[in-house]
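K.L.:
Below, each chain spelled out in residue letters.
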Amino acid sequence: METFQIIILLLDATFRIATPLILAALAGMFSERAGVVDIGLEGKMLGAAFAAAAVAAVSGSAWVGLGAGILTSIALSMLHAYACVTHKGNQVVSGMAINIVVAGLSPTLAYAWFSMGGQTPPLGGDARFKSIVLPYAETARDVPVIGYIYAELISNHNIIVYMAIAAVPICAWILYKTRFGLRVRAVGENPHAVDTAGISVDWLRYKALIMTGFLCGISGSYLSTAHGAGFIRDMTAGKGYLALAALIFGKWRPVPTLFACLLFAFTDAVQARLQGVELPIVGVIPVQFIQALPYILTVLLLAGFVGKAQPPKSIGEPYIKER
Amino acid sequence: MAGEQVKFGAPLKIPGWVNYALIPFINLVAALLISGIVILIIGDNPIEALHVLLYGAFGYPEAVGYTLYYTTNFIFTGLAVAIAFHCGLFNIGAEGQAALGGLGVGLICLNFDGLPLWIILPLAMLAAASFGAAWAYIPAYLQAKRGSHIVITTIMFNFIAASLMTYLLVEVLIDPNGQSPESRPIAETTWLPYFHDILSMPQTPLNLSFLYALILSAGFYFLIWHTRWGYEIRVVGQNETAARYAGISSSKNIILAMMISGALAGFVGINEIQGVHHRLILDFTGGYGFAGIAVALMGRNHPIGIFVAALLFGALYQGGSELAFEMKSVNKEIVIVIQGLIILFSGALEHMFRPKIEAAYRRLARARTVEAG
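If you read the protein sequences in the order shown, they are chains A and B.
Residue numbers for the first sequence follow the working numbering, beginning at 154 and rising by one.
Residue numbers for the second sequence follow the working numbering, beginning at 0 and rising by one.
There's no promise every hint is true.
To be verified - Per label pair, the in silico range of CB-to-CB distance: (1) A:Y315 / B:F24: 43 to 53 Å; (2) A:I285 / B:K144: 31 to 41 Å; (3) A:G270 / B:Y59: 20 to 30 Å; (4) B:H50 / A:K241: 33 to 43 Å.
Hint data in this document are derived by calculation from the structure and do not stem from the laboratory.
Where a beta carbon is used, it is the ideal one built from N, C-alpha and C, also for glycine.
Input sequences plus hints: build the corresponding full structure.
P.N.:
Set out below in structure tokens:
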């Protein structure tokens, strides 16, 4: 195959892999910019993936499934808020607890309701989000370069991929151009100032966590009803943590986070292709090294060896009103 | 107690049994209640499930052996997470540190299997401890010297450890005569003795490392509450500023606590590789590192509490495997749910029940002193 085609196909795969990462990382952005650590992205995604697949299988509609996924994820996010905002619990412990509960609960329910060894029935037809062929994609295919890019890379994705791309400017707009966004950023930096201004810190963090749940819900539903066709146990396989890494790599900002997600997804797409391929100078790169690369890069960034990641100032601290 | 008359208005001291027994017990009951509701929803009988679970864990001698074998792992990881907690650190990386510890044990046993057990065993323990400690050292150093948040770095290190282990077992240490990613078996002379070799009991994976875990628990108590190292670790954990004014280096203690933590987690490798599997395999850590968080939280970072919590989790793991055979729709996964709920109630929601329980205790105690007086 031509190099050009290979590159386009790689980028195409990159978009598909990046979609859940982008949505989950943006989800984490709202929570963390509001000062609440969220290592529970993984659990919320898994919960949404299960709920979406289960409901889509029963109702036969992917959209109803998506709704169920979003509601489940918001419910888990509210549990996180209840523990960390209302009861001032440890945010890391709460996230961890949610991850573990969902990791156990989703196969338990799947096993009991569908008796297929912890899976949901395979989805087909309207129960799954199908690829959308953009107008004139097939006629444009023959136009050199641009036509091929349009047909392969831009057209032919399912709706959630486009949603993820659209979510980046929308979230950036919410975070930087709306009153809510300004307050979210302020409450993550200095909750005392926000409180002094007469705004409820707790309610603001709840609202930020609803956003987190909403976006995480779409991300998880994508895995089971768009990218895959049904729920498989542990199907998130660390994607929630990878999204968290991308968020940190993007320094908690929307556009850099998008690029971090694309970079991580690209390494994943390349990894599948480089399996056992001899490269000039370096020879065969172990697949496992490429898989670990996003995590290594994130550690290096956190250590300040590659740029500096400055987290929101009051992240991880429950807000206690002074008496 | 006539000698300890409560002064009017003075806050009543909450006795240890409330803090170390009653509150963890209430958390456990809450976790079990919610799991019971889940079991009801999926159409089974929770009481029956609990019965199956208990019988599966303690009902016959073989079960007890398995329960104690799982308990061993939970003691190691529970102590590991607890020492980090004492220093105010959250070590989510016990899973990766345990994997590296197992790698150390495996390398020793594979390379020196001509040596007798009494030389191999200390070498393997040293390897488990140093590999685990080394894997914890990097995040600890980054936290202490460069301010990188240890929660995130230890999560990343779990994934890096998983990739490293897969690479080593697929490409380097793989048994040349085998297909699956595992090393060749280690020589029988290097195996840890099983309990059933020594005592008359049925064959179970319970081995000598259980005793080692108990010795370590005693050592843990001594280290934390009766040595200078332990004192400094606790001071740094409770108040870093106070520690600095007292001339205690926080970075030194962060690194020290994390390295001990990593070493403790690494001992899972002794139990699993040298004690049971007798070869290096993938994923032998099986979530023990994460469960260690629940064990430490529930055991309130005290070795006795950790032992009780580890025993509980050992029982859940062993009894849980019985569920799938005996029940209609409940299976082993419910144990993971219980584990998560225990972390939720005794960790994240610790401030939910505690003030109410303490207030209730104060009311009762005060009523009693009034009656006595």
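K.L.:
Would you pick out the hints that fail for this structure and give their numbers low to high?
P.N.:
2
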